[in-house]
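**Student:** Line order of the protein sequences matches chains E and A. When we follow the working numbering, the leftmost residue of the first sequence carries the number 409, and every step to the right adds one. When we follow the working numbering, the leftmost residue of the second sequence carries the number 409, and every step to the right adds one.
The hints are all genuine.
Cβ-to-Cβ under 10 Å is the rule here; a few derived chain A residues that face chain E:
| id | residue |
| --- | --- |
| 1 | ALA569 |
| 2 | SER619 |
| 3 | LEU655 |
Think about it this way: if two alpha-carbon atoms lie no more than 27 Å apart in a straight line, the pair counts; the simulated BS3-like pairs of lysine-lysine are:
| id | chain 1 | residue 1 | chain 2 | residue 2 |
| --- | --- | --- | --- | --- |
| 4 | A | LYS706 | E | LYS570 |
| 5 | A | LYS499 | E | LYS499 |
| 6 | A | LYS450 | A | LYS564 |
No lab work stands behind these hints: they were computed from the structure. By construction, the Cβ of each residue, glycine as well, lies at the ideal position given by its N, Cα and C atoms.
There are 2 protein chains.
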Amino acid sequence: MSRPVNDRFLRACRREPVDATPVWFMRQAGRYMPEYRKLREKHTLLELCKTPELATAVTLQPMRLGVDAAILFADILLPLEPMGAPFEFAKGEGPIVHEPIATRAQIDRLRVIDPDESLPYVLAAIRLVKPELRVPLIGFAGAPFTLASYLIEGGKSVNFAKTKKLMYGEPEAFAALMGKLAEVVRRYLLAQIAAGVDAVQLFDSWVGELSPDDYRQHVQPHVAHILRDVSEPGVPVIHFGVGTSALLEPMRDAGGTVIGVDYCTSLADAWSRVGSDRALQGNMDPCALLATREVAVKHAQRVLDAAGGRPGHIFNLGHGILPETPVDHVQAVVEHVHASSAR
Amino acid sequence: MSRPVNDRFLRACRREPVDATPVWFMRQAGRYMPEYRKLREKHTLLELCKTPELATAVTLQPMRLGVDAAILFADILLPLEPMGAPFEFAKGEGPIVHEPIATRAQIDRLRVIDPDESLPYVLAAIRLVKPELRVPLIGFAGAPFTLASYLIEGGKSVNFAKTKKLMYGEPEAFAALMGKLAEVVRRYLLAQIAAGVDAVQLFDSWVGELSPDDYRQHVQPHVAHILRDVSEPGVPVIHFGVGTSALLEPMRDAGGTVIGVDYCTSLADAWSRVGSDRALQGNMDPCALLATREVAVKHAQRVLDAAGGRPGHIFNLGHGILPETPVDHVQAVVEHVHASSAR
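Whole structure, please, built from the sequences with the hints as guidance.
**Tutor:** Listed below in structure tokens is the structure:
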């Protein structure tokens, strides 16, 4: 594996000194970019994910913004299809799982896949994009609770009522589902590392819907099962969820070299709670990119001020870039973060 | 004004000793009750709100469950129509504001209404229901940020992008909108108190989308403007929002005799942060009512354990009752809370 030329991001993950704060954006390859929308005119989202050449092209698109890391273009739901739960992306409605999980029998039928056999296109994309990059490549997966919620709700949810009804009412069935998902995610992240990614992010996007007690009981052991092994190869692991202000301590305890902080949490407060032995990633509000360049830059500076120049800060948003975001506002934030934080 | 026979709820608001922990539920009058669904077959939601006899009937429906407070049946959006922003409830889609607010000129045209003239049916319902009750009556209003988000987004929102774009990009226009809404809400709650409610709740349902810094800058002064005056008549004020784990301190500083805690926050942690000079309301996960009676009761006991028998705990959910909730699970929780907490 060739060493990336710009290693600011990896140094920050390890809380080593950096020449400037590294910056990348969740969903930095996506609908806000005209070149992405152009590709989407000809291809579905799943075609982009399943065609290594296209996934590579999309992964590279935001490199022109000067970000300090690339994130592989893929979708957290990709493992569900080979597990036996096919889904589609309906126009404007997000993912739809064709047969949502409602019974123990359905859970028992889910397959614990081998990613080399079942998700070869993801690993091929990693091998294809790596030589093109002068920054580290981040791989990723959805975390078990987030994947379970899509399987049970059949798509996006407002209140996660079906997921929690199973979790509270049939904790053994829920644990069996979480255990299968955790093993798949563990294998999937290890396969991505073997294929060459320099870091991985675990997206527990919807886990913020749980109380700390529920997290410790129903989620933490499964995430720990994943992150214990994945951290072994010395590859930084970013552990992120939205609305997780109340979960920072148990998420840290579940694992992660870097804790991703959402936009509703004070970064300074998060650091004092997470502790100085972890790096933090975040946490500008994605909506602060929408108004003007000046507003975007002002909010970026606020995040830098909250981080206070501590080693181990990776600048990012506190959630994904919104599709209506002007590209030049994103560009302005990258330039500002680098200039303002230059040591 | 006649004194309510059962004053457990009001005593708990004042952190006085009680014979048992008081319990009521957000949305305790609503779609989970068969008698409510029957009324809705004949009347729209707005008809129920605008006809004092019907609002009274709905307010009284959950009294058969033995709850320790009634909450007036109404909707937080009612003030918007007389302010000049009419809306409707579209089938299964929630509220739709016909002309969402996008410009300063629209904000300047909004009327700061007199509730006695513009919302007489709400005040008439309060006067009608009061003599029927043997428990205290809670009035309520939506808080300025939550109302502003409906006005700007035109309905419910996922990411509050338009609201925040205005807030970040045109802070003076946003403050003008918040100021008008705050003055309307202040007058509206004072009018409800004059009409006879025993307590009020301010629902800042969506404010949990903001960071503590944003809350302090853009919301806190407006909520404080409301709650300074509303607290004067000695009527308890419950201050509640969802996803507000990171906002407990600034929400407390904005005001409220009782701080409502959502289902994602640890109640014990919330109390140590809010301080012992406030009562707390909450915070069972509404989804824990869905599975079985036993699961519901177990989760209710967890909340009682977290409160630890401290004076000033009002048992409630951490968000509204879901429409699919079995009534007998709710009933079982009421009975358990009273029996388990009896002094």
